[in-house]
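Visitor: Chains as they are written, first to last, in the working numbering: chain A, 49 to 176; chain B, 49 to 176.
Note that these hints are calculated values from the structure, not bench results. Don't take each hint at face value.
Claimed, not checked - Quick look at which bits of chain B chain A covers, simulated, 3 or more residues with Cβ under 8 Å: (1) 63-72; (2) 94-106.
Said to hold, decoys possible - Label pairs and their computed distance ranges (CB to CB): (3) A:R155 x B:K75: 34 to 42 Å; (4) A:A145 x B:F95: 17 to 25 Å; (5) A:D158 x B:E160: 40 to 48 Å; (6) A:A172 x B:P171: 25 to 33 Å; (7) A:E69 x B:V130: 20 to 28 Å; (8) A:P153 x B:E160: 37 to 45 Å.
Only a predicted model underlies this, so the values are computations on that prediction, with no experimental measurement involved. The C-beta atom is built at its ideal place from N, Cα and C for all residues, glycine as well.
Number of protein chains: 2
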Amino acid sequence: MLKVAAKDIPATKVHTLISSEVIRGTKVYNFAGDHLGTVISVMIDKFSGQVAYAVMSFGGFLGLGEKYHPLPWHMLKFDQNVGGYVIDLDKERLLAAPSYALTDPLRWEDDEWRTRLDNFYKPAPPKR
Amino acid sequence: MLKVAAKDIPATKVHTLISSEVIRGTKVYNFAGDHLGTVISVMIDKFSGQVAYAVMSFGGFLGLGEKYHPLPWHMLKFDQNVGGYVIDLDKERLLAAPSYALTDPLRWEDDEWRTRLDNFYKPAPPKR
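Put together the whole structure using the sequences plus the hints.
Guide: Structure representation (structure tokens):
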């Protein structure tokens, strides 16, 4: 399924659904066009069916030292021209963002971790 | 992740997120308590992040003759007591529902198929 690149489909016929089986591997870029990482999975609210976070892998080599960064879904915009997601996030800020390692999986039921994650991505209050 | 059964968590601390990596295998029951099948994948709107369908496997033996039934997400209610989804759908009606085989995958961009699927699950007009 979904072997056709979105850019090959006329705009009026864009196929908007993606299977949870193939969302893994979707690329993530920032506004500067840097390739930040690759979607590994998405976290879905099992009641509402709304995706809350995309989990992006970043760095590492053959899985060694690989870091997983959950990104709030509302920050991601799907760009059908690049066939991936775009986020307003520079590389330096990503390096400072909450992440976890494969060997130390995130406990999503850990409210403290969730709060830290959500706070990190909250827009900064306007300067005055 | 998610090794704790929902029923073991106090209601106030229900963990509502599920990874797209582990949603496969979630059971689906009807109101009569019949086990209808198992979630294989979900179809996600890649722009909004809203799940549109759960694809349920039904029948078959070791993958032979297995049928995939896409179920509109809004018909599924997550029941944390059973740790699965419940749908108002009897077995006979499910047998008549649009499905596809592993060897003949559904082309989600096929608007005619999608319309047939959505129409099948539309509530019947009230009798008069």
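Visitor: A separate judgement is required for each hint: does it hold in the structure or not?
Guide: Hints and how they fare:
1. 63-72: Held - the segment 63-72 of chain B has 9 residues with a Cβ nearer than 8 Å to chain A, which meets the minimum of three.
2. 94-106: holds (count 8)
3. A:R155 x B:K75: 34 to 42 Å: violated, 24 Å
4. A:A145 x B:F95: 17 to 25 Å: About 24 Å separates the Cβ atoms of A145 of chain A and F95 of chain B, which means 17 to 25 Å holds.
5. A:D158 x B:E160: 40 to 48 Å: At roughly 46 Å between Cβ atoms, E160 of chain B and D158 of chain A fall inside 40 to 48 Å, so the hint holds.
6. A:A172 x B:P171: 25 to 33 Å: This hint is violated: roughly 47 Å between Cβ atoms.
7. A:E69 x B:V130: 20 to 28 Å: At roughly 24 Å between Cβ atoms, V130 of chain B and E69 of chain A fall inside 20 to 28 Å, so the hint holds.
8. A:P153 x B:E160: 37 to 45 Å: holds, 43 Å
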